[in-house]
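J.: Listed here are the chains, written in short residue letters.
Number of protein chains: 2
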Amino acid sequence: MGTFIRGVRPVEASSSTFDLRFDNRRIASVSDAEPQPGDTEVDARGKLAIAGFVNAHTHLAMVLFRGLADDVALQTWLEDYVWPIEQQLQPEDVYWCTMLAIAEGIRSGTTTFIDMYFHNDQVARAVEESGVRALLGYGMIASSLQKNGTSELAKTEAFIRQWHGQADGRIQVSVSPHAVYTCCEDVIRAGVEMAHKYGTTLHTHVAETRSEVEDWKAQTGTSPVKYLLDLEAFSVPTLAAHCVHVDTDDIAILADHPVIVAHCPKSNAKLGSGIAPVPQMQQAGVHVALGTDGAASNNRLDMLEEMRAAWLLQRAKHENSALLSSQLVVSMAVYPARHLLGLPREGLEKGAPADLVLFDTDRIHTTPSHDPSAMLAYAANSSDVTDVYVDGKALLQNGELRTIDEERVKSEVRRLLHRIKNR
Amino acid sequence: MGTFIRGVRPVEASSSTFDLRFDNRRIASVSDAEPQPGDTEVDARGKLAIAGFVNAHTHLAMVLFRGLADDVALQTWLEDYVWPIEQQLQPEDVYWCTMLAIAEGIRSGTTTFIDMYFHNDQVARAVEESGVRALLGYGMIASSLQKNGTSELAKTEAFIRQWHGQADGRIQVSVSPHAVYTCCEDVIRAGVEMAHKYGTTLHTHVAETRSEVEDWKAQTGTSPVKYLLDLEAFSVPTLAAHCVHVDTDDIAILADHPVIVAHCPKSNAKLGSGIAPVPQMQQAGVHVALGTDGAASNNRLDMLEEMRAAWLLQRAKHENSALLSSQLVVSMAVYPARHLLGLPREGLEKGAPADLVLFDTDRIHTTPSHDPSAMLAYAANSSDVTDVYVDGKALLQNGELRTIDEERVKSEVRRLLHRIKNR
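For the record, the sequence lines run as chains A and B. Residues in the first sequence are numbered from 692 upward in steps of one, following our numbering. Residues in the second sequence are numbered from 692 upward in steps of one, following our numbering.
Rather than coming from a laboratory, the hints here were simulated on the basis of the structure. Here a beta-carbon is modelled for each residue, glycine too, at the ideal position from N, C-alpha and C. The hints are all genuine.
If you want the footprint, here are the derived chain B segments under chain A, 3+ residues with CB under 8 Å:
(1) 756 to 766
(2) 789 to 800
(3) 985 to 999
(4) 1064 to 1073
(5) 1099 to 1107
This is chain A alone, in the form it adopts within the complex (with noise of 0.2 Å):
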């Protein structure tokens, strides 16, 4: 029983178009591709086609915050608004959270989302019951291993021991420091000898804000990627969320070791932070890719958006119309990070797990067409997807959600905020 999908155009490929056939979970065959007896087909001739895109940082669940007091200072924010609500959080909340935000993402084409956060066996249940992928961490605070830096250590060992490889491998669990400045160097060292026990891989935030960086300049004398090199933390794959301030030295530590950088564009925006040296990074050989961050300093998790942003912000700032081709952003969007989930780096080829999704081009927003790249980048909507497909299964059908009950997600997260703004 597979999937015959019909007259799919890929972005990378002008003008083109193939017929994929998926045989259970992998794609069975590329342009050759013959429907078989019993196979589903889909008719998407005319469909942009990609292999979706990877969310490279987010907090899922606190999509619940968005739209809240986002004009106030940083701090105001998190003491007045966000920790207030985050300490009354049940876990079943962080569940409803979770799958309103998965919903955004499968609508906006995204497949695979890498996330940091806490209560995360309710963010493992909507992963697995949702149908996307993804590799997920659990957000370690500590300020020495004996407050709670033990504690910390145990709930990621235990939360890899769960749910390492599960949902068919569609979930991977990497350990999570949340930044240098948030955990202490035993917890660091700990989490990264945890990584290479169980084969995984770490993420962490690192150098978001000036002030951080500065701050821990003055404190340690080097900078947060630096520190992170000295603690052995980049002798497991790593993905970098932030690096908005970084050196030269800090570019070339991260070009030298097996290093994703997560660009979140909008976020540091939104928060102030500012502008990654993104084509200084890609210059020097860093692989970069596009993240959302949570949709509380976004506020959307749509991986269109960020290409935008990720596009507008470095031309901006270097007054340069060349920097970032469609070609690139679109890249930055689905590749960088898919080895941390195991997947190959390529995407739409014979034999990789079965994840695709499917723009119609055929809306005004994007007629005319001159170039696939371009359209997908630069002027397709969130509203354009109409299918998506992971591990061989339908996830969106003609806009349909097909695995989440959107109706009930939404009077969910609505019922849990009413009940904890009226507490």
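Got chain A sorted already, so can you dock chain B onto it with the hints?
T.: Leaving out everything else, chain B in the frame of chain A:
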């Protein structure tokens, strides 16, 4: 015969809803509205309402170039791609391209367009038929009165005589010298006189790129803004597009005169022009509106994207998370340029022309909702726009265009592009 609209939630009011009644072309009652016999009743409960976005600077027909060679240097783009096609544009082509652009605008909540192009009779025809509101100008380019300045001015005057105030006043005409560096002093002076004579406005490009301003200063010893002041351009209401590279003296001049700056953040970013000093201008009292510029340099005509870009670019540039609140960016997209078209500065009030845009807010990506202006500015999609009224007439109803044959328009634009490319 009127229209009774039940239960709208204006973006400015955080929680209250009201009923609205149009009596023919005007808002007859607000809040205390009662349906009259024969009224069309519209259930808008739960929908967010604005008076309609005003796209303060665009070249509608340039939608033809959407996605054409986006990633090359400006001069290559113009000389090798845009100009060869523009030279072949027939008047009828401009009509179809303008219709396509208007359709995209309506679909994303724009009721009013401020345009500068050529073959303006066709632009006006498209505005008249589609039912939107527009301030149109013929972009004059003339190195001297003798060479072609007189004929450019004559074209402008003929256009004013034929179209200014037509379509029940929905069409207004402005005198539109393209820029100080493409129009000689005599043509600008004569254009200002013409604006006085016909009681209309001026629309011109000002200080868009760094090199333009540096070259102009080197040539004339003065800035474009100061130069326009010396020509008494600001003695009539003026729409100054871009103003990216303006200094403190320029800003003081803009603040002291009846000038509206049309800030086009996406175009300025895409073309590498830079980031306009919006907070500085606003602090000095300059009225800053938002515009998309042409789709060639955007690649959308979507004021929601423009709001988001304006917001993100300033916060990123200044590393300040409190700049450009959602209330402020929404107001920039709706209000500052309204009076240039004879509209009252306020929107949804008794006696105002019946322009109204409704947004469905029951979407995954706008859930939960803590604040209506944050929802609109930071989370909404153009696909959330369900209904658009201009002058009391429905142009979009339940997501369907009522005055534009969308399939025909797409097909005509594809056909003419094919004709030009295969010439």
